[in-house]
Amino acid sequence: MSLTQEPIADAKPEPKSGAAGAAKFAGSESRKYNYFDPKGRRATHYEDMTVDVQPDPARYLLQDWIINFADGTPTYSQSWTQAKSSNWHLFRAVDQEWERTHYQRQSTIVGMIANVTENGRRSGAVKRFDRAWVKVLQDHLGAYKHAEFGLGMATMQAQRYGYTQMINNAILTNSSYKLRFAQDLTLYLGEIGLDLDKFDQDAGKAHWLDDPLWQGVRRLIETIGGSTDYLEQYFAVNVVFEPLVGELFRSGFVMQVAASQNDFMTPAVVSAAEGDYERNLANTIELYRILVNDEHHAEVNRVLFEGWVNKYGTLATEAAYQLQPIWSQPRVKIAPFVDALEQSHDRLRAIGAEIGIDVSSVVPTR
Amino acid sequence: MSASLSLTKITSQKGMSIADAAKRTADLGWTPSYVQEAMTFPTDYKIKKAPRDPMKQVLRSYFPMQEEKDNRVYGALDAALRGDMFRNVEPRWVEWMKLFLSIIPFPEISAARSMAMVARLAPGEELRTGFTMQMVDEFRHSTIQMNLKKWYMENYIDPSGFDITEAAFGKCYATTIGRQFAEGFVTGDAITSANIYLTVVAETGFTNTLFVAMPSEAARNGDYALPTVFLSVQSDESRHIGNGHSMLMSIINDPDNHQLIERDLKYAFWQNHAIIDAAVGTIVEYGTTNRDKNKESYAELWHRWIYEDYYRTYMLPLEKYGIKIHHDDVNAAWDRIVKKNYVHKTAQFFSVGWPVAFWRQEAMTERDFEWFEHKYPGWYAEFGNYWKWYAKLSQPGEQNILFNQEVGYVYPHRCWSCLVPCLIREDIKTDTVDGKLYTYCSEVCRWTHKTAFAAEYEGRPTPAMGRFSGRREWEDCYHGWDLADALVDLGFVRSDGKTLVPQPHLHFDDSKMWTLDHVRGNTLGSPLRTLREMTPEAREASLATYRAGFTITSPN
Ligand SMILES: [Fe+2]
Ligand SMILES: [Fe+2]
Ligand SMILES: [Zn+2]
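Taken in sequence, the protein lines are chains A and B. By the UniProt record's numbering, the letter at position 296 of the first sequence is numbered 296, and the numbering carries on one by one without gaps. By the UniProt record's numbering, the letter at position 203 of the second sequence is numbered 203, and the numbering carries on one by one without gaps.
It cannot be assumed that every hint is accurate.
With a Cα cut of at most 25 Å, we get these calculated DSS-like pairs of lysine-lysine [to be verified]:
no., chain 1, residue 1, chain 2, residue 2
1, B, Lys512, A, Lys16
2, B, Lys48, A, Lys24
3, A, Lys135, A, Lys311
4, A, Lys24, B, Lys498
5, A, Lys205, B, Lys48
6, B, Lys23, A, Lys205
7, A, Lys32, B, Lys498
8, A, Lys205, B, Lys512
9, A, Lys198, B, Lys23
10, B, Lys450, A, Lys135
11, B, Lys295, A, Lys205
12, A, Lys127, B, Lys14
13, B, Lys49, A, Lys16
14, B, Lys56, B, Lys23
15, B, Lys512, B, Lys392
16, A, Lys135, B, Lys14
17, A, Lys198, B, Lys14
18, B, Lys340, B, Lys295
Keep in mind that the hints were calculated from the coordinates and are not lab data.
I would like the entire structure built from these sequences, with the hints used as guidance.
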């Protein structure tokens, strides 16, 4: 037999190009990732970038996980949350983020904040802030930035543990948003401080650590950071902390009150966090709604989540009441605490209804 | 008004310096007093404050900088299509991207996950902040690579193999080494995995071969997309290397940690060598059509990047902290590459296994022979006949090498540590762990399983250390299976239900392509099972024969 390949009779001429369509043969038109079921009729780009990148022995991981922790726990384990699922792979992030959309959005936000800060400062706006308000920003917005940072670190921790790539990446982008916002606030306060005669950059942290008004929030944040259940952490952040404390302070106080204190800059900076939260909340509701409707574990999950509502809701409610005196610190008082609190309760009720869990242990049914 | 007065000069106002901004953001952390952070990532190391913090950076400059990098990448991909890149691309090259790009997004995202582990342990807030940015970077790397892969699938002549990519990654006989690599970043002792194995060795030492050697070779094969994406990825690495070095500095001053650092550097260096050099070496040397004798061979690249840059300028200076560096391992790795033909034997193994791959592997030709002989004198005598056989047996219906008694190739044992087979036959080692017999490609791999990944190290308890687990020998998964049935189970069959995804050639023509019928009737088996079942005497004899190697017959 000769070494060179025999030309096969009737063979077509070999294509000169490596481009799609240059030849037709078995499989030459298979141009879609075909190993997962898209959520909609067609796979989205986000799904293509995300689904199955973290493998699972129940899907394609033929050899199982090949390294264990010393106690026998594999690289990824369903035991890292008390929640149960018949199919962890159902979840898709509603915000559909992959790297490009994430950097575009984050970059747009930091650009927006830089513009607001620069233009505001240039027009002398900071110097026209009400004196009492400046102290509120210094002490309390300054303290609040640490809460955002704490949640950024808690979600960073949580993104190591999820059972699918979709869950972990949604938690990862949540972490990235929180960490950015904590830094946004830090740098914003640092820069407006340059325009003010007396502005203590260290006051915020001091209030965070020692002011009785903030100890409830700090206890809540540290409790979330101390949890070893990643879905409990993600839940506590977005289902409980955000409506009962985060939005309460950001929307129910800062954004409503600032304008009357001659401050149009701070609401623009803080509004970015509200935009972030809308996306993180949508992802969160989607994930927990799936678990509460699980064909085998619906009841277990519902009871578990309602327990988390109670555990973190109790801490958050206490924290919210401790913050109440802040509402009377600005010179011009326009937003009563009770109204803001009622709104935050409505928000929690709405979230509970969308997930399908009872939140009445924390906020009585109306 | 004077023209030299620019707009920015007129409008500029005093802002915060970058150092001040970094200092302020680093002050966001605090020591909890109500509830301690969960210490969920175990380590046997003791961590102290690092003498110096890593690079200072804040997210408000980070995000726009990364978005700008992204814009350049996506702009270049568009330009490549407008320039009809795929008309001139070398299919031999793109086929190997089916393997490479199936592997790499998982190690990348594992690096993101592992940042949680080192962030919890980081002794300073600036370092912690560095790890948070690295987490987002690695998310970038993973998804930007998935995007590149999809782009090849949409535009390259043969999308089969790209279309099943993540499923194939979980199942293939070759991707198993990539999974060992990635799981190594996130499982077991947090410092061993997320600091020493991932950053101090993989990122600092081996990303140059991954993300620089590979792109250069891509460009020589008409692929301008891979360089665009991977050089952009590589541009993030200097920050990661800085993070890892700071973390290393926070453990290196405590003599109590030295034993563990030495253990982990030894394990991590050797395993990175075994895995990265097998995969990248093969792709760069055998996935190319460029046979320019003036370009550096993989061995030459290795000498420059691993030996000169990494070993001499990064590892050796660690000796001044009292760390024993395993010079003998570095030399042994070098010997494996230049004297023992590690890369060539890996390429040979991959090609023997072509039917259970999910990309096409073309035979080496006379042009290739000449280049290999020039760069690696003696290559032709050892591998010439093999590749002639491979070409001859690439026609559908021939008995392929895996089962062909005439050729003389002996299917290798797997190394239980690095998961690359024991290709340097004379170096095979065996040992028993927990009463079971295992095979290893080398002494260091034997030591890795038996001594390093254990509950105790040189008499010192190491409760945080991980363990090897799972069905690590791929061949065991299909022991006793007919090859055709295994291929159906693997999902390596094209959309017509019979033509194989892998092919031993680059003919884009149904009449030349192998189908299930061409491979049916051959039974796969596990060499380790067979070895374990032998009597001790028979086993010794079998290993002696294995060490003696094999001879490829003349195909004429
Ligand atoms: Fe990376
Ligand atoms: Fe990296
Ligand atoms: Zn090995």
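Outcome of the hint check:
no.: 1; hint: B:Lys512 <-> A:Lys16; in the structure: holds, 17 Å
no.: 2; hint: B:Lys48 <-> A:Lys24; in the structure: violated, 62 Å
no.: 3; hint: A:Lys135 <-> A:Lys311; in the structure: violated, 33 Å
no.: 4; hint: A:Lys24 <-> B:Lys498; in the structure: holds, 16 Å
no.: 5; hint: A:Lys205 <-> B:Lys48; in the structure: holds, 24 Å
no.: 6; hint: B:Lys23 <-> A:Lys205; in the structure: holds, 14 Å
no.: 7; hint: A:Lys32 <-> B:Lys498; in the structure: holds, 19 Å
no.: 8; hint: A:Lys205 <-> B:Lys512; in the structure: violated, 72 Å
no.: 9; hint: A:Lys198 <-> B:Lys23; in the structure: holds, 20 Å
no.: 10; hint: B:Lys450 <-> A:Lys135; in the structure: violated, 62 Å
no.: 11; hint: B:Lys295 <-> A:Lys205; in the structure: violated, 58 Å
no.: 12; hint: A:Lys127 <-> B:Lys14; in the structure: holds, 15 Å
no.: 13; hint: B:Lys49 <-> A:Lys16; in the structure: violated, 61 Å
no.: 14; hint: B:Lys56 <-> B:Lys23; in the structure: holds, 8 Å
no.: 15; hint: B:Lys512 <-> B:Lys392; in the structure: holds, 13 Å
no.: 16; hint: A:Lys135 <-> B:Lys14; in the structure: holds, 22 Å
no.: 17; hint: A:Lys198 <-> B:Lys14; in the structure: holds, 17 Å
no.: 18; hint: B:Lys340 <-> B:Lys295; in the structure: holds, 22 Å
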